[in-house]
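Q: Chain by chain, the residues:
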Amino acid sequence: MSQPTPIVTRPDSDTIARVDGHDITVSEFAAHVLWLAERLPESPFVVNLCADRYRFLVSFCAAMVRGQCSLLPPTRQPATVASIVDGHAGSYCLFDHPLGDVGGDKAPKYDWSQSLAQLQPKSETDLPKIPGAQLCAMSFTSGSTGPSQAIAKRWKTFDVSTEINARYMVPEAAQLTYLTATVPAQHMWGLETSVLLPLRASVATTTSRPMFPADVATALADTPGPRMLVTSPVHLRALTRSSVAFPAVESVLCATSPLPQEIAVAAEQTFNGRLLEIYGCSEVGSMARRFPVTEASWEPFDALNFRRSGAGWTVDADHLTQAQSLADQLVFAAEGRFELQGRVTDMVKIAGKRASMEALNQILLRCPKVKDGVLFQPQHGEQVAERLAGLVVAGPNDYAEVIAWLRENIDGAFVPRPLRFVDSIPRAASGKPSLQALMAELTAHD
Amino acid sequence: MTKQTNFEQELAQLMIDALNLEDVSADEIEPEEPLFGEGLGLDSIDALELALAIANEYGVHLKSEDEDTKAAFASLRTLAEYIEAHR
Numbered sequence: 000m001s002q003p004t005p006i007v008t009r010p011d012s013d014t015i016a017r018v019d020g021h022d023i024t025v026s027e028f029a030a031h032v033l034w035l036a037e038r039l040p041e042s043p044f045v046v047n048l049c050a051d052r053y054r055f056l057v058s059f060c061a062a063m064v065r066g067q068c069s070l071l072p073p074t075r076q077p078a079t080v081a082s083i084v085d086g087h088a089g090s091y092c093l094f095d096h097p098l099g100d101v102g103g104d105k106a107p108k109y110d111w112s113q114s115l116a117q118l119q120p121k122s123e124t125d126l127p128k129i130p131g132a133q134l135c136a137m138s139f140t141s142g143s144t145g146p147s148q149a150i151a152k153r154w155k156t157f158d159v160s161t162e163i164n165a166r167y168m169v170p171e172a173a174q175l176t177y178l179t180a181t182v183p184a185q186h187m188w189g190l191e192t193s194v195l196l197p198l199r200a201s202v203a204t205t206t207s208r209p210m211f212p213a214d215v216a217t218a219l220a221d222t223p224g225p226r227m228l229v230t231s232p233v234h235l236r237a238l239t240r241s242s243v244a245f246p247a248v249e250s251v252l253c254a255t256s257p258l259p260q261e262i263a264v265a266a267e268q269t270f271n272g273r274l275l276e277i278y279g280c281s282e283v284g285s286m287a288r289r290f291p292v293t294e295a296s297w298e299p300f301d302a303l304n305f306r307r308s309g310a311g312w313t314v315d316a317d318h319l320t321q322a323q324s325l326a327d328q329l330v331f332a333a334e335g336r337f338e339l340q341g342r343v344t345d346m347v348k349i350a351g352k353r354a355s356m357e358a359l360n361q362i363l364l365r366c367p368k369v370k371d372g373v374l375f376q377p378q379h380g381e382q383v384a385e386r387l388a389g390l391v392v393a394g395p396n397d398y399a400e401v402i403a404w405l406r407e408n409i410d411g412a413f414v415p416r417p418l419r420f421v422d423s424i425p426r427a428a429s430g431k432p433s434l435q436a437l438m439a440e441l442t443a444h445d
Numbered sequence: 000m001t002k003q004t005n006f007e008q009e010l011a012q013l014m015i016d017a018l019n020l021e022d023v024s025a026d027e028i029e030p031e032e033p034l035f036g037e038g039l040g041l042d043s044i045d046a047l048e049l050a051l052a053i054a055n056e057y058g059v060h061l062k063s064e065d066e067d068t069k070a071a072f073a074s075l076r077t078l079a080e081y082i083e084a085h086r
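As they're listed, the protein sequences go chains A and B. The numbering of the first sequence is numbering that gives the first Met the number 0, which starts it at 0 and goes up by one. The numbering of the second sequence is numbering that gives the first Met the number 0, which starts it at 0 and goes up by one.
Don't read these hints as lab results, they were simulated from the structure. Owing to the predicted nature of the structure, the values given are computational and were not obtained by experimental measurement. Some hints here could point you the wrong way.
[To be verified] The calculated lysine-lysine pairs, modelled on DSBU-like cross-linking and capped at a C-alpha distance of 35 Å, are:
| no. | chain 1 | residue 1 | chain 2 | residue 2 |
| --- | --- | --- | --- | --- |
| 1 | A | LYS348 | B | LYS2 |
| 2 | A | LYS368 | A | LYS108 |
| 3 | A | LYS128 | A | LYS368 |
| 4 | A | LYS370 | A | LYS348 |
| 5 | B | LYS62 | A | LYS348 |
| 6 | A | LYS155 | A | LYS121 |
| 7 | B | LYS62 | A | LYS352 |
| 8 | B | LYS2 | B | LYS62 |
| 9 | B | LYS69 | A | LYS352 |
| 10 | A | LYS128 | A | LYS108 |
| 11 | B | LYS62 | A | LYS368 |
| 12 | A | LYS370 | A | LYS352 |
| 13 | B | LYS62 | A | LYS108 |
| 14 | B | LYS69 | B | LYS2 |
| 15 | A | LYS108 | A | LYS121 |
| 16 | A | LYS108 | B | LYS2 |
[Stated by the list, open to error] Here are a few chain A residues that sit away from chain B, every Cβ distance over 12 Å (derived from the structure):
| no. | residue |
| --- | --- |
| 17 | ARG342 |
| 18 | ILE349 |
| 19 | ALA388 |
Note that beta-carbon positions come from the ideal geometry of N, C-alpha and C, so glycine has one too.
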């Protein structure tokens, strides 16, 4: 059994967050956590729907103080939240903004949208230590092909992995860095960085969750430097193509799917800082890093053991509850670094959501109007396009029905664009079409 | 179907080009139908792409934390009105 460890290890006077233009110290934060912990309803599970990142952080820690597990829905779609509530008896929804009908009538709701100044917490700021085995969070895969898969995280995993992440992700350990993130706190990448890093490293999280380039510029300008921006390839692509001027960002962190080299180069110019790319998965968290402008290979984080297993690789570590097999093929080279060489499984990842290509294709073929069809990831030169493409054999007037079927049965991120109607699918003798043949068919229709 | 204004038709075409929505033609986009979720079925990747195209074409920079923008993205009509008011 590991000893209980502190939620936050930084000095009381350190800045842990920035809210409405003001720094929040560790002791103010602790008082907010204790205030909320005292008021949370009794329950084993809390669905944390807070949109404000500071309130998410306070809620997450207050839940831990009370021994409650935070459920982190991948989206705020009512159906998604309802299925998570249904799967976890007694859970309630915790929120800080108007919810609409999210969560339905079934789940009790706890609203803490009042201003922080109104809280009047007690002067006590000693947070209890958390046992390593305590269940802290469950994140969920997108569930685009079947029910959501829950990924459980214990405190020891967060505690140790955040120490490791701090060493690899925060370049200037001595100086306070203000972190702005375009990714949600409910997603593992956003959780590891914008929520957990400030508990261990000299990082202050900011409340915003900017989306458009102009939002990101405003959010960054609202914090002093040095700055860190946590983002994804989809956001970075939009940011680098925008004409908006950004303040300098010393450190840009990008993860969730492979970043094309030209976006990496453009990002360093746009932000006048260094871009660090992180390799990870929801089950393990962050596993390796590279500076993509100058490095092709990845530096694995120490404390993680990469082992060959069958055709692929697994990762294990003391702080993980079990070994995790990886979806990517790794090739280790000099100095223990590795390169990614394609996928072992058929999992596809778009906008941080995962699905199996096989399962998506099965859904397409189950559509009553589809005689034959295939969804695939188009490739233009070295580049893999953001969206899936689809080729379908169906009646000339069936387009709307096929699209409606897909929208109903798979997550919007995987609905193909374009979806082309063709006379036949160019299948090889094996029955499996080659990417080359599919691309030829796709471009023949341009 | 409600009739599109000239500017709505121009914006509909920009949307189709920017988002690769080749299955619809500009005059098929119902001006008052929701753009996101139901209706055209656009998502947040599309919102980013569309915001870029609008910034490049009309010099209008959308902001998600601005309540007016949320209302603007409701339909082709509200988006057209927002851009005309801010360009």
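Q: When you check the alpha-carbon spacing of LYS128 (chain A) and LYS368 (chain A), does it fall within 35 Å?
A: Given pair LYS128 (chain A), LYS368 (chain A) is violated - Cα atoms ~58 Å apart, limit 35 Å.
Q: So if I understand the rule, the pair passes when the alpha-carbon distance is 35 Å or less; does LYS2 (chain B) with LYS62 (chain B) pass?
A: 28 Å, holds
Q: Given the hinted pair LYS348 (chain A) and LYS2 (chain B), is their Cα-Cα distance within 35 Å?
A: Roughly 39 Å between the alpha carbons, so the hint for LYS348 (chain A) and LYS2 (chain B) is violated.
Q: Between LYS69 (chain B) and LYS352 (chain A), is the straight-line Cα distance small enough, at 35 Å or below?
A: 24 Å, holds
Q: Is the hinted pair LYS370 (chain A) and LYS348 (chain A) satisfied, with a Cα-Cα distance of at most 35 Å?
A: 27 Å, holds
Q: Between LYS62 (chain B) and LYS348 (chain A), does the CA-CA distance stay at or below 35 Å?
A: Holds. LYS62 (chain B) to LYS348 (chain A) sits at ~27 Å (cutoff 35 Å).
Q: With a cut-off of 35 Å on the C-alpha distance, tell me whether LYS108 (chain A) and LYS121 (chain A) pass.
A: 24 Å, holds
Q: Would the pair LYS62 (chain B) and LYS108 (chain A) pass a check requiring their Cα atoms to be no farther apart than 35 Å?
A: 29 Å, holds
Q: Within a Cα-Cα threshold of 35 Å, do LYS62 (chain B) and LYS352 (chain A) meet the stated pairing?
A: 24 Å, holds
Q: So if I understand the rule, the pair passes when the alpha-carbon distance is 35 Å or less; does LYS128 (chain A) with LYS108 (chain A) pass?
A: 27 Å, holds
Q: Check whether the Cα positions of LYS69 (chain B) and LYS2 (chain B) lie no farther apart than 35 Å.
A: 23 Å, holds
Q: ALA388 (chain A) clear of chain B by more than 12 Å, beta carbon to beta carbon?
A: 10 Å, violated
When held up to the earlier numbered hints, the structure conflicts with 1, 2, 3, 11, 16, 18 and 19 and fits the remainder.
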